[in-house]
Amino acid sequence: MSRALLEVAGLTKRFGGVTAVDGLDLAVRSGETLGVIGPNGAGKSTLVSLVSGALRADAGRILLDGQEVTRLRAPARARLGIGRTHQVPRPFARMTVLENLLLGQIYGAAARTLRDARRESLGILDRTGLGDVADRLAGSLSLLRLKRLELARALALRPRLLLLDEIGAGLIESELPELIELIRSLRAEVEGILVIEHVVEVIQACSDRVAVLDWGRKLVEGTPGEVLHDPEVAAVYLGTSATGERTAAGSAGAAGAARTVSVLAAAAGDGRPERARAEPLLRLDGVAVSYGAIRALQDVTLEVRGGEIVTLLGANGAGKTTAARAVSGMVPLAAGEVRYRGERIDGWRPDQIAGRGVAHCMEGRHIFADLSVEENLELGGRAGTSRAERRDRLGAVYELFPVLAERRRVSGGLLSGGQQQMLAIGRALMAAPDFVIFDEISLGLAPVVVDRLYQALAAVNERGVAMLVIEQNVQRGLALADRAYVLEKGRVALAGAPAAIRDDPRLLALYVGEARGDLEDHPPASGGTHDWPA
Amino acid sequence: MSRAEPGALITSAVPARRAARATLAGALVAAGALLALAPSFTSDYVQQVSFRVLQYAALGQAWNLLAGYGGLVSLGSAAFIGIGAYTTAELTNHGLPLIPGMLVSGVFAAGFATIVSPALFRLRGLYFTIGTLALAEALRLFMVNYNGLGGNIGIFLKSAAPTTAGLYWLALGVAAAATGLVLLVLRTRLAISLRAVRDDEDAARQMGLVSFRTKLFAFTLAAFVMGVVGGLQAGKLSQIEPYGAFGLQWTVDVVTVALIGGLGTLGGPLVGAVFTVVLAELLNAYPSLHLAITGAIVIAVVRFAPEGLWGVLARGWARLAAAGPRTQRGARRVRQ
Numbered sequence: 001m002s003r004a005l006l007e008v009a010g011l012t013k014r015f016g017g018v019t020a021v022d023g024l025d026l027a028v029r030s031g032e033t034l035g036v037i038g039p040n041g042a043g044k045s046t047l048v049s050l051v052s053g054a055l056r057a058d059a060g061r062i063l064l065d066g067q068e069v070t071r072l073r074a075p076a077r078a079r080l081g082i083g084r085t086h087q088v089p090r091p092f093a094r095m096t097v098l099e100n101l102l103l104g105q106i107y108g109a110a111a112r113t114l115r116d117a118r119r120e121s122l123g124i125l126d127r128t129g130l131g132d133v134a135d136r137l138a139g140s141l142s143l144l145r146l147k148r149l150e151l152a153r154a155l156a157l158r159p160r161l162l163l164l165d166e167i168g169a170g171l172i173e174s175e176l177p178e179l180i181e182l183i184r185s186l187r188a189e190v191e192g193i194l195v196i197e198h199v200v201e202v203i204q205a206c207s208d209r210v211a212v213l214d215w216g217r218k219l220v221e222g223t224p225g226e227v228l229h230d231p232e233v234a235a236v237y238l239g240t241s242a243t244g245e246r247t248a249a250g251s252a253g254a255a256g257a258a259r260t261v262s263v264l265a266a267a268a269g270d271g272r273p274e275r276a277r278a279e280p281l282l283r284l285d286g287v288a289v290s291y292g293a294i295r296a297l298q299d300v301t302l303e304v305r306g307g308e309i310v311t312l313l314g315a316n317g318a319g320k321t322t323a324a325r326a327v328s329g330m331v332p333l334a335a336g337e338v339r340y341r342g343e344r345i346d347g348w349r350p351d352q353i354a355g356r357g358v359a360h361c362m363e364g365r366h367i368f369a370d371l372s373v374e375e376n377l378e379l380g381g382r383a384g385t386s387r388a389e390r391r392d393r394l395g396a397v398y399e400l401f402p403v404l405a406e407r408r409r410v411s412g413g414l415l416s417g418g419q420q421q422m423l424a425i426g427r428a429l430m431a432a433p434d435f436v437i438f439d440e441i442s443l444g445l446a447p448v449v450v451d452r453l454y455q456a457l458a459a460v461n462e463r464g465v466a467m468l469v470i471e472q473n474v475q476r477g478l479a480l481a482d483r484a485y486v487l488e489k490g491r492v493a494l495a496g497a498p499a500a501i502r503d504d505p506r507l508l509a510l511y512v513g514e515a516r517g518d519l520e521d522h523p524p525a526s527g528g529t530h531d532w533p534a
Numbered sequence: 001m002s003r004a005e006p007g008a009l010i011t012s013a014v015p016a017r018r019a020a021r022a023t024l025a026g027a028l029v030a031a032g033a034l035l036a037l038a039p040s041f042t043s044d045y046v047q048q049v050s051f052r053v054l055q056y057a058a059l060g061q062a063w064n065l066l067a068g069y070g071g072l073v074s075l076g077s078a079a080f081i082g083i084g085a086y087t088t089a090e091l092t093n094h095g096l097p098l099i100p101g102m103l104v105s106g107v108f109a110a111g112f113a114t115i116v117s118p119a120l121f122r123l124r125g126l127y128f129t130i131g132t133l134a135l136a137e138a139l140r141l142f143m144v145n146y147n148g149l150g151g152n153i154g155i156f157l158k159s160a161a162p163t164t165a166g167l168y169w170l171a172l173g174v175a176a177a178a179t180g181l182v183l184l185v186l187r188t189r190l191a192i193s194l195r196a197v198r199d200d201e202d203a204a205r206q207m208g209l210v211s212f213r214t215k216l217f218a219f220t221l222a223a224f225v226m227g228v229v230g231g232l233q234a235g236k237l238s239q240i241e242p243y244g245a246f247g248l249q250w251t252v253d254v255v256t257v258a259l260i261g262g263l264g265t266l267g268g269p270l271v272g273a274v275f276t277v278v279l280a281e282l283l284n285a286y287p288s289l290h291l292a293i294t295g296a297i298v299i300a301v302v303r304f305a306p307e308g309l310w311g312v313l314a315r316g317w318a319r320l321a322a323a324g325p326r327t328q329r330g331a332r333r334v335r336q
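These protein sequence lines map, in sequence, to chains A and B.
Under my numbering, the final residue of the first sequence carries the number 534; numbering is consecutive throughout.
Under my numbering, the final residue of the second sequence carries the number 336; numbering is consecutive throughout.
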């Protein structure tokens, strides 16, 4: 057994009454990549913050290559060679992408002059696929590029130990092999890597060993094969996706939840899904949207009928979020029209559109971090509803997501990722909408939590609430849908019933790429340079 | 159009840029000479107004380094200016000449900044801002009530004030030095460090930056410049009293200068100082109108030109520069 590069013993961290990391023992050996998985709220990100020094441990020891670093502050640990990424990117927004890297170059393990730092940083940017945006302000980058910037910035430190916190979240399947190869190529220059990832393929392909955390403790540890087939792991983490079943659990849970959800569905007067109605609830006709010179959407025609779940699929940058923003009035149309219940709503302000019963659960959750769970929810149900009505809706959201009721006085920022997403969904439902847009609700969440969220969507839909669901995961998206659309480069490339789309050979080319086969059998790490596709 | 032509244009652009830089350097030298010689051909009044402009330019530079680049929005400027004024007053009364007195004032102000920084840097963002404001106000109240330094009457200066021209030259020197100092800082790695701390201090710490040191450097440097300007103010007056030397008006004026001129730009404080002081002179007879108009301008600048007057001027200049070569190119084409 080789020397331990990172050794963590009895590590404990409490936040108020919650013990996020609880007497954890863990080691990353020299030359090893350790995968860490676990449900949201298991303490994975807290572990990264404790090791990097962003948080101080309440108990336990942290050793880097035998040297005790438990009492050292963050900058000192960075200089010793501990580099990290942040799960939610924290760029230096008003500096250029290149400048973002300079700090690590100057103050990292091997100090450099500004001139050398610039040259070397450009190399790192090329390697992480950011070379073309070196001179752009970091604040103007998209979420996925910001994730890459997190990685590039950590590499600029020349770290010995690299802590990667969910840099794969939001990538579609065809992009994963390139991320995997990048991580593998890093093994040549970084002594040890700790990878936190919800994308199981990445964990499987990159890690020598995997540790599973639950409630701040280590549940299991072993080779990827052993761990991923462990029944206990499947129960706490992988959920139904591991067994390949579709959302069977969704319909079981739906029956129970349907009763409570009726309060949330204003349109449910007749208590029956409106699915049969031919009349479209929402219709986009020839919609085009431009960001400056870039056409993000072009001639998009799409409709959602009453009570229907429509899934919108597509690669990153295909225009899914833009389509959602076009519906809820957050971007102006360059052409075409949007009708809701037959009425033209394009050109309306977002609040006017929301007033008609359209709710938008935005990508990235957008929780008010300083407000409590209950206050966040209250804000969702403002417009002209009585206090009693709001209380009813609040109760219904709490029944849908009991964990929110438990934590109702906690500020939104302290929730785990899964709870935050529940809160975002609950907040959208507080408006008692007839139609909701859910944008990437599964982003960065453990499979078992995603199951829970999709059960909730099914339950809400049972009461006649129509939905447009934007989803990265093709199988999940199609399993839920009545109909689906696939966007490609801002245009509708495929449309129809889920089964037809799933079997359409073009789907593979459009969306999944040719990655499927590669996942099982990766070429050996080449150590060369790899660009991720933009 | 032949393929060689674009290449020819590019090569001709390099000497053009070099020429532009030489023109700029020449213009700076000429402006410097003009400013230095100004007292020989301007009235006392112009020199007095210029004195204020230069004072505010120096203060604006210091505050801009702190707030514009470092994100440390301080409302404690008056504390350092007051310390500088009192130090110079005491020292010159004990026989020290004005210029060494001003320098010692700067050192004292920087020393004070160092002492209070561990407490202040525990606060971030808006809390830091409120903390500095509270500190400055507390110091002013202390000076009013503490009798060791003259209490609310303050200190009378024994030595005669320099001539108007002398004060002008001193102020010119201070403003030029402050600008030069900031320029120097911006050429080092500190420029990166400060902006990183401004954008996300925690992330910067994770990159190995000891943010405390970076903030301390900016804070003490700004305090030094403010202390020197305070000393300069003492050199002009015959009496230093706490209401004026530690007055909130200083703090507010400095923020106004930097905001109107343009945060995070080197030229911003200079433009802002000229604009603010000249506006104050023009509206001298209507003090309340002056305040209202200044307030409205600050709001308009923040709303419509967040990069300030300097940003607007720079953009205009860039547009002119871009238009210049194009017309030349057009002319060349016509000649061909």
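By construction, these hints were calculated from the structure, which means they are not laboratory data.
Ideal Cβ placement from N, Cα and C applies to all residues, glycine included.
It is possible that part of the hints are untrue.
Said to hold, decoys possible - To give an idea of the chain B side of the interface with chain A (calculated C-beta under 10 Å), a few residues: (1) Arg17; (2) Thr23; (3) Thr42; (4) Asp44; (5) Leu184; (6) Val185; (7) Ile192; (8) Arg195; (9) Ala196; (10) Asp202; (11) Gln206; (12) Gly264.
Results for each hint:
no.	hint	result
1	Arg17	violated (18 Å)
2	Thr23	violated (26 Å)
3	Thr42	violated (40 Å)
4	Asp44	violated (44 Å)
5	Leu184	violated (14 Å)
6	Val185	violated (13 Å)
7	Ile192	holds (5 Å)
8	Arg195	holds (5 Å)
9	Ala196	holds (5 Å)
10	Asp202	holds (6 Å)
11	Gln206	holds (6 Å)
12	Gly264	holds (8 Å)
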